[in-house]
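According to full-length UniProt numbering, the residues represented by the sequence shown are 1 to 398, in order.
Hints in this document: simulated from the structure, not taken from any laboratory.
Derived DSSO-like pairs (lysine-lysine); straight-line CA-CA distance at most 27 Å:
1. Lys-188 / Lys-341
2. Lys-209 / Lys-188
3. Lys-209 / Lys-251
4. Lys-174 / Lys-335
5. Lys-287 / Lys-335
6. Lys-188 / Lys-335
7. Lys-174 / Lys-342
8. Lys-335 / Lys-284
9. Lys-284 / Lys-341
10. Lys-195 / Lys-209
11. Lys-188 / Lys-174
12. Lys-287 / Lys-251
13. Lys-287 / Lys-188
14. Lys-251 / Lys-188
15. Lys-174 / Lys-341
16. Lys-251 / Lys-174
17. Lys-251 / Lys-284
18. Lys-188 / Lys-342
19. Lys-188 / Lys-284
20. Lys-195 / Lys-251
21. Lys-174 / Lys-284
For each label pair, taking beta carbons as the anchor points, the in silico distance ranges come out as:
22. Val-199 / Leu-337: 20 to 28 Å
23. Glu-354 / Asp-183: 21 to 29 Å
24. Asn-230 / Asp-135: 24 to 32 Å
25. Asn-230 / Cys-357: 45 to 53 Å
26. Ala-344 / Val-207: 46 to 54 Å
27. Thr-116 / Glu-336: 35 to 43 Å
28. Asn-230 / Arg-323: 43 to 51 Å
29. Glu-354 / Asp-269: 30 to 38 Å
30. Glu-347 / Ser-259: 50 to 58 Å
31. Cys-357 / Thr-107: 50 to 58 Å
Even glycine gets a Cβ: it sits at the ideal position worked out from N, Cα and C.
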Amino acid sequence: MIHVIPISSTEACCALAVSRGVLQSRSGFSCLIFSASAYRLLGQLLAGFPPGQPQPAYSFCSPRPFIGSAVVNTRLAIWADSTQLFFNGSLVLSDARTGVFWSSGTTGDRVWLSNTSNLMIQKLDGVTILWQSFDFPSDTLVENQNFTSTMTLVSSNGLYSMRLGPDYIGLYAKFAGSGRGPDQMYLKHRALEAKAEIVEGQPIYLVLKSGGYLGMFQNGSIPVDVQSFNTFQQNVSGVRRVRIEPDGNLKGYYWTGSSWILDYQAISDPCELPSSCGSYGLCKPGKGCSCLENRTAHDSGGCAPPGNQLSGDLCGAYDSRVRVVRRSGVELPFKELMGYKKMASIEECEGACEGNCTCWVWVYSNSSGFCYMLDYPVQTVVAVGDESKVGYFKVREV
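Whole structure, please, built from the sequences with the hints as guidance.
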């Protein structure tokens, strides 16, 4: 993974630094940091200086906060002090054991770090872009970076992601169930189309604007949707970023010069996050977390008994070591985005899960008749005042 540090408004041209794994900008305001303890940057990694020309001196950058990153597919490379980065028309990463384990696969003339934090491999005409980091976002978007329907933001722990649909932004959780299909969607924000309408069949894209909003666009400069930040249309001098966090929330920040200030969050209620209280946790709105089983204290290190962090078949060897926890007054978060079956009674819902080797959870609403069944250990559920909403949670005992 390649990390990029905040930059000033001065154009930054990427050049050569000689150690510490830092690619220093000529302006002194931008850096490219690679996730190894040390790098030797080989070859001439110069912007606008042809090979053979004298190399100007560059100093190391001072510590600055992380702003963005790009994903590179490094397979199973060993990140160590012997790792090397060099530019030979391509950006290349290699080490003594593996050899070359990543290359941009280009035939460029220079590497350029723009004043928008975009790392580019260009031809000398300064127009032709052969590779750019903006095409490979990791968990973060920066100002004016296009996020398209072919891209995915993934949280640092790999559990949550953001993708675009034909007319919406979707947040997804990777709940490891047996034989599961696509990841579970837990937030779906559809375009309001207040100022422009979406043309069916054409892709959309997302841009973080300096005016303090996430804009969804399709054709032209008029957004089909605007998600306003707290500082919407206010003069903020610092850079902005949005990031999908390890808890699954999508948050926006701006830089004050000394710290990041939270400016936006897609999910304001913690109980609507995918797993705010952890596995087998119970989220009480406005009151925090407890455990589904009253005998387990949430502050003791989690609610999930040993052996219940992973999904799997509950039959066979585990058949005699499964017990059931029943709890009334609970429902699943983001249930509107989950699959369900209509059933006539709570007994029918219970029976459908009880004898099913891959069913870990069912939750039934007596008022709607909806039966929700999960094929993985329960994540956080939400406490509600309606006692007719009942949950049935299998617990594997080891």
